[in-house]
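> Now for the letters of each chain:
There are 2 protein chains.
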Amino acid sequence: MTTQWTTVFPGLPERQDEPVTHAARGSGGPTDGPLTDAELQLAARNHALPLEILREEVTPPGLHYLLIHFDIPAIDAGSWRLSVAGAVQRELSFSLEDLRARPAVTVPVTLECAGNGRSLLRPRPLSQPWVLEAVGTAGWTGTPLAPILREAGLHDDAVEFVFTGADRGIQGGREEDYARSLTLEDIERQGAFLAYAMNGAPLPPQHGFPVRLMVPGWYGMTSVKWLSSIEAVTRPFDGYQQAVAYRYLQDPQEQGTPVNRIRVRSLMVPPGIPDFFTRRRIVDSGTVRLQGRAWSGHGTVESVEMGVDGTWSPAELEPALGGHAWRGWSVSWDAEPGDHELRCRATDSTGAVQPLEPEWNLQGMGNNVAQRVEVTVRAPRV
Amino acid sequence: MTTQWTTVFPGLPERQDEPVTHAARGSGGPTDGPLTDAELQLAARNHALPLEILREEVTPPGLHYLLIHFDIPAIDAGSWRLSVAGAVQRELSFSLEDLRARPAVTVPVTLECAGNGRSLLRPRPLSQPWVLEAVGTAGWTGTPLAPILREAGLHDDAVEFVFTGADRGIQGGREEDYARSLTLEDIERQGAFLAYAMNGAPLPPQHGFPVRLMVPGWYGMTSVKWLSSIEAVTRPFDGYQQAVAYRYLQDPQEQGTPVNRIRVRSLMVPPGIPDFFTRRRIVDSGTVRLQGRAWSGHGTVESVEMGVDGTWSPAELEPALGGHAWRGWSVSWDAEPGDHELRCRATDSTGAVQPLEPEWNLQGMGNNVAQRVEVTVRAPRV
Chain W
1 MTTQWTTVFP
11 GLPERQDEPV
21 THAARGSGGP
31 TDGPLTDAEL
41 QLAARNHALP
51 LEILREEVTP
61 PGLHYLLIHF
71 DIPAIDAGSW
81 RLSVAGAVQR
91 ELSFSLEDLR
101 ARPAVTVPVT
111 LECAGNGRSL
121 LRPRPLSQPW
131 VLEAVGTAGW
141 TGTPLAPILR
151 EAGLHDDAVE
161 FVFTGADRGI
171 QGGREEDYAR
181 SLTLEDIERQ
191 GAFLAYAMNG
201 APLPPQHGFP
211 VRLMVPGWYG
221 MTSVKWLSSI
231 EAVTRPFDGY
241 QQAVAYRYLQ
251 DPQEQGTPVN
261 RIRVRSLMVP
271 PGIPDFFTRR
281 RIVDSGTVRL
291 QGRAWSGHGT
301 VESVEMGVDG
311 TWSPAELEPA
321 LGGHAWRGWS
331 VSWDAEPGDH
341 ELRCRATDST
351 GAVQPLEPEW
361 NLQGMGNNVA
371 QRVEVTVRAP
381 RV
Chain P
1 MTTQWTTVFP
11 GLPERQDEPV
21 THAARGSGGP
31 TDGPLTDAEL
41 QLAARNHALP
51 LEILREEVTP
61 PGLHYLLIHF
71 DIPAIDAGSW
81 RLSVAGAVQR
91 ELSFSLEDLR
101 ARPAVTVPVT
111 LECAGNGRSL
121 LRPRPLSQPW
131 VLEAVGTAGW
141 TGTPLAPILR
151 EAGLHDDAVE
161 FVFTGADRGI
171 QGGREEDYAR
181 SLTLEDIERQ
191 GAFLAYAMNG
201 APLPPQHGFP
211 VRLMVPGWYG
221 MTSVKWLSSI
231 EAVTRPFDGY
241 QQAVAYRYLQ
251 DPQEQGTPVN
261 RIRVRSLMVP
271 PGIPDFFTRR
281 RIVDSGTVRL
291 QGRAWSGHGT
301 VESVEMGVDG
311 TWSPAELEPA
321 LGGHAWRGWS
331 VSWDAEPGDH
341 ELRCRATDST
351 GAVQPLEPEW
361 NLQGMGNNVA
371 QRVEVTVRAP
381 RV
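Top to bottom, those sequences are chains W and P. With full-length UniProt numbering, letter number 292 in the first sequence gets 292, and the count goes up by one each step, no holes. With full-length UniProt numbering, letter number 202 in the second sequence gets 202, and the count goes up by one each step, no holes.
Extracted from the complex, chain W is given alone in its bound form (with noise of 0.2 Å):
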């Protein structure tokens, strides 16, 4: 294991054998009070995709979002190692140029944050205070990871793999270097792969550069970014953000279940223009087609609804960009003079179906409440 384990604020527990409770988490506990200075400083930092790219299929470098969990490192390609060692009969290292020179895959996929929608819940859990838009879609470009780990060889006693990046912060109370886990088992399905370029250019500093996992279908918090190592490890990986941080849980006293396929969710170019502060909608009467984009973690979008003023109608849906990446839809719309809600919700493969109001958990994860669209429609103007 190269985490290490580190208390460095008085006061704050040393790590011990029982699992971190949300109290030692460092942001506290979710709030009824209003947004602190602390979240602010994150969304300054981390990037969101405005609202209006979304009529992009494939999101323009620098729109895609980002969270950043500590800093983006600085790494030179030239001397970059990812090496593959821990419970393997052969330990691996790969340069960037070792990486290329193997077999690629040019995968569409739509990233999203597990976080999306967490400052809309009631209370509000302490952390990024993402709205809405927290996603994107990029073409990822790289090696497949399975015939890697095949030529590293797992012993019989190896039960997943820990993927460590180079950078290292400290999140309720532990230092670590950003590190998740996977089963040989969510590799292959996933058809996760090791990725070098985004959009056909090597990838940016903020997206991972020189080496990123993508694990297609899961929330962005598994695709590692600035990938330093892979470990098999032959008990289940325990770092915070594997064993603390993105599950699923409504009491801090419970372990919770794993945050990982990302929820069917569906979001609208909103119509008309902006009021600066607001983001309120103006729009002309008449004809509006409004269009928005759809996507799964769990199977295919089948259908996308559209809501005006709680009148739901089925929109028509475009073919999707790949098996993991979202699908445009669009509905004509008779826009009357007069204030309205728009919303839309898209339902998978599953019968899983966007939720009208936000299903708490004490973290913030998946919450995926059908969007809401508030537009003033004028009359036609003499």
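Honestly, the hints are just simulated from the structure, not real lab data. A couple of the hints might just be wrong.
To be verified - Derived CB-CB ranges, DEER-like:
(1) Pro202/P / Arg55/W: 12 to 20 Å
(2) Ser330/P / Pro202/W: 22 to 30 Å
(3) Val159/W / Pro319/P: 50 to 58 Å
(4) Ser313/W / Gly200/P: 42 to 50 Å
(5) Asp309/W / Pro358/P: 52 to 60 Å
(6) Arg189/W / Arg381/P: 38 to 46 Å
Cβ coordinates follow ideal geometry from the N, Cα and C atoms, glycine included.
Keeping the supplied structure of chain W fixed, place chain P upon it in accordance with the hints.
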């Protein structure tokens, strides 16, 4: 004039001859209250520079700050035209290829949002709630503007030029295309140009594709994105972004003074590693090389000082990247265990120095208060 005025919200004033006062600006007055959902939505849309990226002299694509008042417009570069009209002797029209065929300059420019630092003011003006990171530096390529204006020829009664973008929305109850004006004197003094490339690549959509105005040394609101027209006008432009927003004033009834050149500022790369939620820094004791960048639109940066717990010492300055770009600085710090407050402040060639406390104004413009970074230094681990 291509701008239109429309009152779209009941209760907001029709356009009148008297200046629009702050109460009509749509966001309400400054507040001592908590952060609002509207501010959070703006913070989610707009992007700041993660402070660790100050280590890069040229900001990597996708990490440069972004403030987008309305929506990012979708523009077809093939059919895009820039018109030069109004009080000119010859109306002109340029395609993107026309501009690319003209003499080209590439200029490294540090751009900063005039509202940078706004969220630190008390009471807090209600708008995009920047902390301190609304900055970035890129190499911008384009063609000088003044020769184009000379080719058009000015009528004797023309007083300035209005630059209008393709982004449209409502601010303070007024509906307008985003527009700003400049005099010919300012255009020539600042070396303004029409930029079609950023760091050697076509402009990304969010930075004004296909062409934006670039006014080195002035705050970013002047460098109009998605430029669609240039119009010579015979009386000073009174558009919202010129006459109401982007003015220094203390009282809603004042006209105030225009915001234009960038005030001197320095920022440091926060040392050590962060706590995810609080962004507090953890540093190992010993000698730490602190580094950052400093810039001013009023003159050359002449000195940078680092303050540790209130004691100031000079930093070493690197050459500036260019006459309108930041310069790097660094200083060694003997970090002793305990909690410390780091600050940096720059002085420019006009003698202007960053204040240690914010200087308040009604719209939160030009707050160049010295940055403050809280650090916990820990003893060597054994």
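> Would you pick out the hints that fail for this structure and give their numbers low to high?
5
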